[in-house]
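A.B. asks: For the protein sequence lines, the chains are A and B, in the order given. This note's numbering applies: residue 1 is where the first sequence begins, and numbers increase by one. This note's numbering applies: residue 1 is where the second sequence begins, and numbers increase by one.
Errors might be hidden in some of the hints.
Footprint (simulated), chain B over chain A, 3 or more residues, beta carbon under 8 Å [claimed, not checked]:
{"no.": "1", "segment": "46-54"}
{"no.": "2", "segment": "77-90"}
Calculated from the model, a selection of chain B residues having no Cβ within reach of chain A, i.e. all distances over 10 Å [what the hints assert, rightly or not]:
{"no.": "3", "residue": "GLU15"}
{"no.": "4", "residue": "LYS16"}
{"no.": "5", "residue": "SER28"}
{"no.": "6", "residue": "SER42"}
{"no.": "7", "residue": "GLU44"}
{"no.": "8", "residue": "ALA71"}
{"no.": "9", "residue": "ASN98"}
{"no.": "10", "residue": "GLN102"}
{"no.": "11", "residue": "LEU104"}
{"no.": "12", "residue": "THR108"}
{"no.": "13", "residue": "LEU113"}
{"no.": "14", "residue": "PRO116"}
In case anyone wonders, no lab produced these hints; they're calculated from the structure. C-beta: ideal position from N, C-alpha, C; glycine also.
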Amino acid sequence: GAVVSQHPSRVICKSGTSVKIECRSLDFQATTMFWYRQFPKQSLMLMATSNEGSKATYEQGVEKDKFLINHASLTLSTLTVTSAHPEDSSFYICSARDEGRFEAFFGQGTRLTVV
Amino acid sequence: AQKITQTQPGMFVQEKEAVTLDCTYDTSDPSYGLFWYKQPSSGEMIFLIYQGSYDQQNATEGRYSLNFQKARKSANLVISASQLGDSAMYFCAMREFNTGFQKLVFGTGTRLLVSP
Chain A
1 GAVVSQHPSR VICKSGTSVK IECRSLDFQA TTMFWYRQFP KQSLMLMATS
51 NEGSKATYEQ GVEKDKFLIN HASLTLSTLT VTSAHPEDSS FYICSARDEG
101 RFEAFFGQGT RLTVV
Chain B
1 AQKITQTQPG MFVQEKEAVT LDCTYDTSDP SYGLFWYKQP SSGEMIFLIY
51 QGSYDQQNAT EGRYSLNFQK ARKSANLVIS ASQLGDSAMY FCAMREFNTG
101 FQKLVFGTGT RLLVSP
């Protein structure tokens with residue numbers, strides 16, 4: 001149990017376009033999901049906390065208008081990178097909490113390359 | 001504010017030996033949880049072990065054990081009988097249970113290489 005599915009696993013897009021990444025909890029409901037960004041050989045940096053039915057809470061320094069987060073249901077959160085630039089190229093990974101468990105469960109991650 | 005520190009950027013160990021990965025933390029919340037995750041080159045995050053701040057005994061999960069020293073605010077991961085498949089990045093993380101969304105914050109990670 002407690003499976004989180006993230007899609008797509010890899011995406012290449014052109015500068016100026018938008019990319020949507022989906023994060024789904026497959027066998028549990030998640031009122032809260034988290035989005036992280038990871039640069040090569042670095043740690044996971046929390047970008048924002050996604051709350052079902054309300055606005056996301058962004059960490060300091062994260063551009064809300066560039067990284068749009070929508071948590072429309074208890075099993076789906078989406079991250080949209082708008083007007084992507086090459087510096088947005090990174091590994092994005094989501095996690096979700098099953099309220100009955102201590103640990104967070106992670107999606108497989110999305111490697112975004114902006115050309 | 002919660003903080004996690006991993007001071008070992010890289011560690012080497014021979015197969016079948018034990019290795020300890022260090023983690024120290026800082027928090028003012030008396031109720032918190034400490035986690036270790038493994039990240040192989042594929043990028044997925046694999047949960048290894050959990051220790052709660054009120055747990056009296058050190059957590060163990062198979063070959064993984066957590067050396068929890070609360071007074072020193074350390075939560076070191078011990079991997080016994082290392083295997084080649086243990087080569088990966090290892091992240092220590094913490095969640096404060098009395099703060100807002102209980103977000104999980106990570107340390108900088110330790111790259112473990114297991115040699116034959």
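A.B. asks: Are the hints correct? Go through all of them and say.
C.D. replies: Hint by hint, here is what the structure shows:
1. Check result for the segment 46-54 of chain A against chain B: holds, 3 residues qualifying (beta carbon to beta carbon below 8 Å, three or more required).
2. Using a Cβ-Cβ cut-off of 8 Å, 0 residues of the segment 77-90 of chain A lie near chain B, which falls short of the minimum of three, so the contact claim is violated.
3. Every Cβ of chain A is farther than 10 Å from the Cβ of B/GLU15; the closest lies at roughly 24 Å, confirming the non-interface assignment.
4. Every CB of chain A is more than 10 Å from the CB of B/LYS16 (nearest about 28 Å), matching its label as outside the interface.
5. Taking the minimum C-beta to C-beta distance to chain A, about 19 Å, the non-interface status of B/SER28 holds against the 10 Å cut.
6. Distance to chain A contradicts B/SER42 as a non-interface residue, since its nearest Cβ pair spans about 8 Å, not more than 10 Å.
7. Non-interface call for B/GLU44 relative to chain A: violated, since the shortest CB-CB distance, roughly 5 Å, does not exceed 10 Å.
8. For B/ALA71, the requirement that its beta carbon stay farther than 10 Å from each beta carbon of chain A is met, with the minimum near 22 Å.
9. Once the 10 Å rule is applied to beta carbons, B/ASN98 is consistent with being away from chain A; the minimum gap is 15 Å.
10. Non-interface call for B/GLN102 relative to chain A: violated, since the shortest CB-CB distance, roughly 7 Å, does not exceed 10 Å.
11. Some Cβ of chain A comes within 10 Å of the Cβ of B/LEU104; the nearest lies about 5 Å off, and the non-interface call is violated.
12. A beta-carbon of chain A comes within 10 Å of the beta-carbon of B/THR108; the shortest separation is about 5 Å.
13. B/LEU113, annotated as away from the interface, keeps every beta carbon of chain A farther than 10 Å; the closest lies near 14 Å.
14. With a cut of 10 Å on Cβ distances, B/PRO116 stays outside the contact zone with chain A, its closest approach being about 24 Å.
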